[in-house]
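Novice: Now for the letters of each chain:
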Amino acid sequence: GAGVSQSPSNKVTEKGKDVELRCDPISGHTALYWYRQSLGQGLEFLIYFQGNSAPDKSGLPSDRFSAERTGGSVSTLTIQRTQQEDSAVYLCASSPQIQKDNEQFFGPGTRLTVL
Amino acid sequence: DAKTTQPNSMESNEEEPVHLPCNHSTISGTDYIHWYRQLPSQGPEYVIHGLTSNVNNRMASLAIAEDRKSSTLILHRATLRDAAVYYCIPLTQGGSEKLVFGKGTKLTVNP
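Same order as they appear, the protein sequences are chains A and B. Going by our numbering, the letters in the first sequence line up with residues 1022 to 1136, in that order. Going by our numbering, the letters in the second sequence line up with residues 30 to 140, in that order.
Treat the hints with care, as some may be off.
What the hints assert, rightly or not - The calculated lysine to aspartate or glutamate pairs, modelled on DMTMM-like cross-linking and capped at a C-alpha distance of 20 Å, are:
hint, chain 1, residue 1, chain 2, residue 2
1, B, LYS135, B, ASP60
2, B, LYS32, A, GLU1065
3, B, LYS132, A, GLU1065
4, B, LYS135, B, GLU45
5, A, LYS1078, A, GLU1089
6, B, LYS135, B, GLU40
7, A, LYS1038, A, ASP1077
8, A, LYS1036, A, ASP1077
9, B, LYS135, A, GLU1065
Said to hold, decoys possible - Sample of chain B residues lacking proximity to chain A, with all beta carbon distances greater than 12 Å (derived):
hint, residue
10, GLY72
11, SER99
12, ILE103
13, HIS105
FYI, nobody ran anything at the bench for these hints, they're computed from the structure. Beta carbons are placed, not taken as given, at the ideal position from N, Cα and C, and that holds for glycine.
Construct all of the structure, not just a fragment, from the sequences and the given hints.
Specialist: The structure is reproduced here in structure tokens:
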């Protein structure tokens, strides 16, 4: 079946612009996670959703970052007033539910470059 | 979150077994041990997980020490496609089951 998809695959933007990154999880998966991977920081957690609510936003680096999920499906990560340090690969993952023995299925990522 | 220690890099020859070690001495009794890998230019992918007993699946085997302070991921016959960064991740109890990635082990497979 279809895996996790993300769009766009690549995004180049200018410093100060806003960007939206989209994630389509596997159908029926209630848990959705956002991570990012940058050269200096490795893979780091940003936020997770259980259904449409986001109980853990602890990984969001600043208030310029926000995310929402609608209909228990698609999620959008928004970065306002982008900075060069926001350049990274943004990864989305989904899981059938929040459970310690569940695997997370990752999408291919969106590579964001802020000039 | 439980801290993990993995070798920065390891090398193997094709079709030979590979043993990737991980120390997680601060793991709690209810934490599952997950392994993920990341092939070049791809998102991470799940490999295997376990709690106390050794586990096998089509990709690999996971050997867990009796005291659970360490584990070893075993690839029985390495292929070139197994070249990746391998991450050992104790999944801590906390409600979100977010993955906390360390630096992992970069595995090189020689033809």
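Novice: Which of the listed hints are broken here?
Specialist: 1, 7, 8, 10
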